[in-house]
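Produce the entire structure from the sequences given, and follow the hints as far as they go.
So the sequence lines, in the order shown, correspond to chains A and B.
Per this note's numbering, the first sequence starts with residue 1, numbered consecutively.
Per this note's numbering, the second sequence starts with residue 1, numbered consecutively.
Honestly, the hints are just simulated from the structure, not real lab data.
These numbers come from a predicted model, not from an experiment.
Treat each hint with caution, since some may be false.
The calculated DSBU-like cross-link candidates involving lysine-lysine, where the alpha carbons are at most 30 angstroms apart (straight line), are [stated by the list, open to error]:
1) A:Lys102 to B:Lys98
2) A:Lys102 to B:Lys81
3) B:Lys98 to A:Lys9
4) A:Lys57 to B:Lys98
5) A:Lys102 to A:Lys9
6) B:Lys81 to A:Lys9
7) B:Lys81 to A:Lys71
With beta-carbon atoms standing in for the labels, derived distance ranges [unchecked claim]:
8) A:Asn30 to B:Gly58: 22 to 30 angstroms
9) B:Ala16 to A:Gly53: 44 to 52 angstroms
10) B:Pro93 to A:Asn65: 20 to 28 angstroms
11) B:Ser67 to A:Ser18: 45 to 53 angstroms
12) A:Leu114 to B:Ser67: 37 to 45 angstroms
13) B:Ser67 to A:Asn65: 41 to 49 angstroms
The beta-carbon is built from N, C-alpha and C at its ideal position, and this holds for glycine as well.
Each chain is listed here by its residues.
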Amino acid sequence: NAGVTQTPKFQVLKTGQSMTLQCAQDMNHNSMYWYRQDPGMGLRLIYYSASEGTTDKGEVPNGYNVSRLNKREFSLRLESAAPSQTSVYFCASSASGGAGEKLFFGSGTQLSVL
Amino acid sequence: GQSLEQPSEVTAVEGAIVQINCTYQTSGFYGLSWYQQHDGGAPTFLSYNGLDGLEETGRFSSFLSRSDSYGYLLLQELQMKDSASYFCAVSHPRSSYKLIFGSGTRLLVRP
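Below, the structure is given as structure tokens:
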């Protein structure tokens, strides 16, 4: 039972490089999310997809793009990485976006931008 | 806007009871969620309070008072494995998809 799978687990980029973080869930969830977590802070929502075919901005969307490829997959792209994007990135999914809905998180991607 | 306040760190002894408080300011409110995160791990859902009162799940309980804009997570019979960070979270008033997290409380359980 994989749940939410993210790749890669670690990545080092140089300023200006681009990369895509991949996320897939096997729970047939409708909603998917990308969060970032900086040291000593809570999670901040970057983008979310309420359902297949839709995406919306979260709290901190600048510098990122997303694609909801299908119901299972939701990718996050950094077009031109900046040191401020050094963070741990978590993908999550939920059955729907209702209040109190349980979020299931992937194991995270530790990204360093030099 | 929305803001949540939690103590940054709490220390307790194995077998004891500890309470982690969360106060919030929000223009709308759907309810209060709690997540646990071990160092290097992913957050995992613990509980949700949509209504005032106490919700109990095994050794963990969560409480909400809407009138006081306040909630807490109560951990009983503390075990070493409970050492982790605990986050309260509320849904954005205009979208329940947008979960706003507090900055977390680091709980250290000592023998």
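Going through the hints against the structure:
1. A:Lys102 to B:Lys98: Roughly 13 angstroms between the alpha carbons, so the hint for Lys102 (chain A) and Lys98 (chain B) holds.
2. A:Lys102 to B:Lys81: 22 angstroms, holds
3. B:Lys98 to A:Lys9: Holds. Lys98 (chain B) to Lys9 (chain A) sits at ~25 angstroms (cutoff 30 angstroms).
4. A:Lys57 to B:Lys98: 9 angstroms, holds
5. A:Lys102 to A:Lys9: Roughly 23 angstroms separates the two Cα atoms, so the pair holds.
6. B:Lys81 to A:Lys9: Status holds; Cα separation ~24 angstroms.
7. B:Lys81 to A:Lys71: 35 angstroms, violated
8. A:Asn30 to B:Gly58: 22 to 30 angstroms: 29 angstroms, holds
9. B:Ala16 to A:Gly53: 44 to 52 angstroms: 50 angstroms, holds
10. B:Pro93 to A:Asn65: 20 to 28 angstroms: At 26 angstroms between Cβs, range holds.
11. B:Ser67 to A:Ser18: 45 to 53 angstroms: 49 angstroms, holds
12. A:Leu114 to B:Ser67: 37 to 45 angstroms: 50 angstroms, violated
13. B:Ser67 to A:Asn65: 41 to 49 angstroms: 42 angstroms Cβ-Cβ, so the 41 to 49 angstroms window holds.
Hints 7, 12, counting from the list given before, are not met by this structure.
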